[in-house]
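Could you put together the complete structure from these sequences and hints?
So the protein sequences, as listed, match chains H and W. First residue of the first sequence? That's 1 in the working numbering, and the numbers climb one at a time after it. First residue of the second sequence? That's 396 in the working numbering, and the numbers climb one at a time after it.
Hint data in this document are derived by calculation from the structure and do not stem from the laboratory. We put the beta carbon where it would ideally sit given N, CA and C, even for glycine. Keep in mind that a hint or two might mislead.
To be verified - These stretches of chain W come out as covered by chain H in the derived footprint (C-beta under 8 Å, 3 or more residues): (1) 430-440; (2) 609-622.
Said to hold, decoys possible - Mimicking BS3-like on lysine-lysine, the simulated pairs with C-alpha atoms at most 25 Å apart in a straight line are: (3) K163/H x K551/W; (4) K250/H x K163/H; (5) K551/W x K418/W; (6) K250/H x K162/H; (7) K629/W x K640/W; (8) K162/H x K418/W.
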Amino acid sequence: MLFSHRFSTSLLHIAGTVFLQAGGDSYGSCNLKFGIFFELSVPRPFTPTNEALVYTNALEQIRLADELGFATVWAVEHHFLEEYSHCSAPELFLTAAAMQTSNIRVGHGAVVCVPEMNHPVRIAERAAVLDILSGGRLELGTARSSTWTELGGFEVDPDRTKKTWDEFVRTIPRMWMQETFSHDGVCFSMPERAILPKPLQNPHPPMWVTVTSPGTELDAAERGLGCLGVASAGFDEQERRTREYHRRIKNCEPVGAVVNDRVATLNHLFCHEDADIAARYGGQMIGMFGLANSHLLFTREAYPTTAYGLLANLTPSRAPARKTIENPGEASKLPEGVTIGDPARITSIIHQWEAIGIDEINFLLNAFEHIPQAMVLDSLRLFAHEVMPQFREKR
Amino acid sequence: MFTGVTPVSELVADIPRVEQWSKESAVFEGVEILQVSYELAGGSAAFERLLPPALHPTIPMLVQWVGWQVHDSAWGAFNLAQQRLTCRSGARPRVFLVGAIIDNAIAGQALASRWGLGCRTGEVKLTRHYDRAGMTVMVDDDVALNVELQDATVLKPDDLQFFSGFNTATTPTGLRLLQMDAHIDVQRAERYLPRLDDYEPAAWGPLSLQPHYAVTACGAAARIEVPPVRIICKPDQPAFTGTEKVGG
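Spelled out as structure tokens, the structure:
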């Protein structure tokens, strides 16, 4: 009992299913919650010093975010994505984060649900250990990867990733909750075994699915999974997708015992008293991040398949998806809704996100260590002192 | 920044001259298309050496061999094979032409003079059966490419995506990359497993490409419209500073 949902949101039991409601008494008492999100992008050359600097800086940012009342720290799982993301073992990184913090929740987001990369039993085991070590602070995100760089590297058949993801998200909660588990499935099978340890949170940690392509939010809703947005869709499109998500999840058939009906989006954050400085550093950060993202080879581009409907990846600030016939000399304009600027501008933008029903905004804080660490930390402090209080206990 | 480092003149052998900007599109009906993709060996440092400074490599970089079987055109029927590399111009997906072979010299001259698509003359043969396909390219009786495509899987037409290419040409304003925007309206699509039986890099140009991992292949029947060149780039500058609009 000591740890059960110690840091989680309030629970509402309906017909045997636990609904995880936004607006509980945790997450810094905010209705709209703020998190930080790590890709761990590393500038070339990939020296041990550069790699270590990115990791140690990120951990320092997490410790500060914990002190400042941020709700969640998320870390992705990516493989082979040179420069763009060197976060290939997020469960280790998040364990370190959990050991250095007290309140911030740890978002394992998202673990790639294809058997060539992760056996579902290993996902359940690692997640349970992380939940225990963090004192019941785990959020588990799920995904299927969107790049040929990764899928090809593990010789994954892109036609099958949706099936494997679906089978994983339906079985992992059972592995956590049942004393023993056996399975005769399409993507994996196993005889009866006790999968241990069990997670600390009861009945199990909240689950999410990363949403990149339009329509994945409906997959999330139908399964009772939280919508972990990783591609900003712009206000109008996000509002439409959020409304449809909330409409559908009311009639979901949950894959676990917890329905997570939260919608999170991803954004960039650089907050500075001087709007011009904010725009300069923040704009450069977005540009560099977007350029590194563009170097990846997306599944649809390399491998024609019905299973991947959109040529896109984790591209916050790049909506709509790239058109293929355009003038390459035109610089991408900053899209609407990017949280870069002085506190007043960022507050105004977040009010717009809040108005369309977003529950959480997760922020990328840096890219390639372009922004000096001291400025990143100051940005977090300024945001926490000037912006966050305006979104506390409003409803 | 992860970007090409080699002068374009060292990457492309057949650089045509474009004297003036055509305002006419070309339309080819009922074209049979085959496209074969292989990952290249060598890693990032090798990929950078395969592109001019205007372009960025993809991770990994693919070599694509694309065959067009055109039954009718203003220059007669022709079969064209292109060798291209996946890349980015700015942040946008593109392919960079590093060799082409055509079996109709008149068509080749038209493609070169209007779109900068420099071709060598040779033999290009595309075959398609109900369960497999193939492409054979010969130059001076030597095999440049021989690939067998097996295990056909039917796809939806919009499962296929094709990207604009950059061709290299000498233009009135100097050496430039010409963006060739082929609008490909796919009517039939399938995917194959490729098997590369024979490949001679020297038949295509100066690059010693090392295809080492089969990704996939696709086939299509399509209507292809190639509009006039609208955008050109200085090969030694990034897209953000080196892009120019042409053709009015």
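Could you grab the alpha-carbon distance between K163/H and K551/W and see if it respects the 25 Å cut-off? Holds, at about 19 Å.
Establish whether the coverage given for the segment 430-440 of chain W by chain H is satisfied; the threshold is a Cβ-Cβ distance below 8 Å, and no fewer than three residues must meet it. holds (count 3)
Has the given pair, K162/H with K418/W, been kept, meaning a C-alpha gap of at most 25 Å? Since the Cα atoms of K162/H and K418/W sit roughly 45 Å apart, the hinted pair is violated (cutoff 25 Å).
Checking one constraint from the list: CA of K551/W to CA of K418/W, max 25 Å. Satisfied? Judged against 25 Å, a Cα distance of about 33 Å means the pair is violated.
Check whether the Cα positions of K250/H and K162/H lie no farther apart than 25 Å. Holds, because 23 Å separates the two Cα atoms, which is no more than 25 Å.
Next pair to validate is K629/W with K640/W; report whether the Cα-Cα distance is within 25 Å. 11 Å, holds
Given the hint that K250/H pairs with K163/H, does the C-alpha gap stay at or below 25 Å? 24 Å, holds
Three residues or more, CB to CB closer than 8 Å: is that satisfied between the segment 609-622 of chain W and chain H? holds (count 3)
Checked against the numbered hints given earlier, the structure breaks hints 5, 8 and satisfies all the rest.
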